[in-house]
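One letter stands for each residue in the lines below.
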Amino acid sequence: EAGVVQSPRYKIIEKKQPVAFWCNPISGHNTLYWYLQNLGQGPELLIRYENEEAVDDSQLPKDRFSAERLKGVDSTLKIQPAELGDSAVYLCASSRGRDGYTFGSGTRLTVV
Amino acid sequence: LAKTTQPISMDSYEGQEVNITCSHNNIATNDYITWYQQFPSQGPRFIIQGYKTKVTNEVASLFIPADRKSSTLSLPRVSLSDTAVYYCLVADNDYKLSFGAGTTVTVRA
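So the sequence lines, in the order shown, correspond to chains E and Y.
Throughout the first sequence, residue numbering follows my numbering, covering 1 to 112 in sequence.
Throughout the second sequence, residue numbering follows my numbering, covering 1001 to 1109 in sequence.
Accuracy of the hints is not assured; some may be wrong.
[What the hints assert, rightly or not] Here are some chain Y residues pointing at chain E (derived, C-beta under 7 Å):
(1) Gln1042
(2) Gly1043
(3) Pro1044
(4) Phe1046
(5) Ala1060
(6) Tyr1087
(7) Tyr1095
(8) Phe1099
(9) Ala1101
(10) Gly1102
[As the list claims (entries may be wrong)] Calculated pairs, DSBU-like style, for lysine-lysine (alpha carbon to alpha carbon, straight line, at most 35 Å):
(11) Y/Lys1096 <-> E/Lys16
(12) Y/Lys1052 <-> Y/Lys1003
(13) E/Lys11 <-> Y/Lys1003
(14) E/Lys16 <-> E/Lys71
Just so you know, the hints here were simulated from the structure itself, not pulled from any lab data.
It should be emphasised that the depicted structure is a prediction, and the values quoted were computed from it without experimental measurement.
Don't be surprised by glycine CBs; every beta carbon is placed ideally from N, CA and C.
Throw the hints in and build the complete structure from the sequences for me.
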């Protein structure tokens, strides 16, 4: 069984540029999560989807961050414009209810 | 979500047993205790989960006392490949996970 697939693995952009991350969850997993992880810290939840509905986006900085999960499968997280402080690892996870909670390997973003 | 407190780091040697204790004084009745492991450049990986007493799987054991205000993850006979960050989390009914800084376990030869 393929795990949670994220792309790209690494991304370097200049500040003020847009960037997008893609996540393909495990087949059959209705819940999808985006986390942000700063160096030396644990992951922090940005947004949680139940199928195509964002049920918890309270921690998502909506002025520059947006996410979508069309058709309740793949998801995209976007930052526009990126700031230096956005440099971090962006993790995607999926689960079937509370079962099978699995993380992807993440996208490491560097904003210069 | 209940806040968890665990040591920042622990050192061990190959073949030893490593025990990481986590405190979660404000755990709610329906909360589960979950532990994750994270290697560099990888996402966290589920290790073990429990509600009370003792849970054991092929990787670790989890001990939870009756008051559930703490839990101990036990890693038997660690090897160099067990060097990682270990997170103790309390998950509610919605399985919303709240990560702390974790415990960095370093296993030496």
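A quick look at each hint next to the structure:
1. Gln1042: holds (5 Å)
2. Gly1043: holds (3 Å)
3. Pro1044: holds (5 Å)
4. Phe1046: Nearest chain E Cβ about 6 Å off; hint holds.
5. Ala1060: Since the shortest Cβ distance to chain E is 16 Å, the answer is violated.
6. Tyr1087: Interface hint status for Y/Tyr1087: holds (6 Å vs cutoff 7 Å).
7. Tyr1095: Result: holds, 4 Å to nearest chain E Cβ.
8. Phe1099: It holds, given that the least Cβ distance between Y/Phe1099 and chain E is near 3 Å, below 7 Å.
9. Ala1101: Cβ of Y/Ala1101 sits 6 Å from chain E, so the hint holds.
10. Gly1102: Interface hint status for Y/Gly1102: holds (6 Å vs cutoff 7 Å).
11. Y/Lys1096 <-> E/Lys16: Since the Cα atoms of Y/Lys1096 and E/Lys16 sit roughly 32 Å apart, the hinted pair holds (cutoff 35 Å).
12. Y/Lys1052 <-> Y/Lys1003: This hinted pair holds, its Cα atoms lying about 18 Å apart.
13. E/Lys11 <-> Y/Lys1003: holds (33 Å)
14. E/Lys16 <-> E/Lys71: Cα-Cα ~30 Å, so holds.
When each numbered hint is compared with the structure, a violation occurs for hint 5 only.
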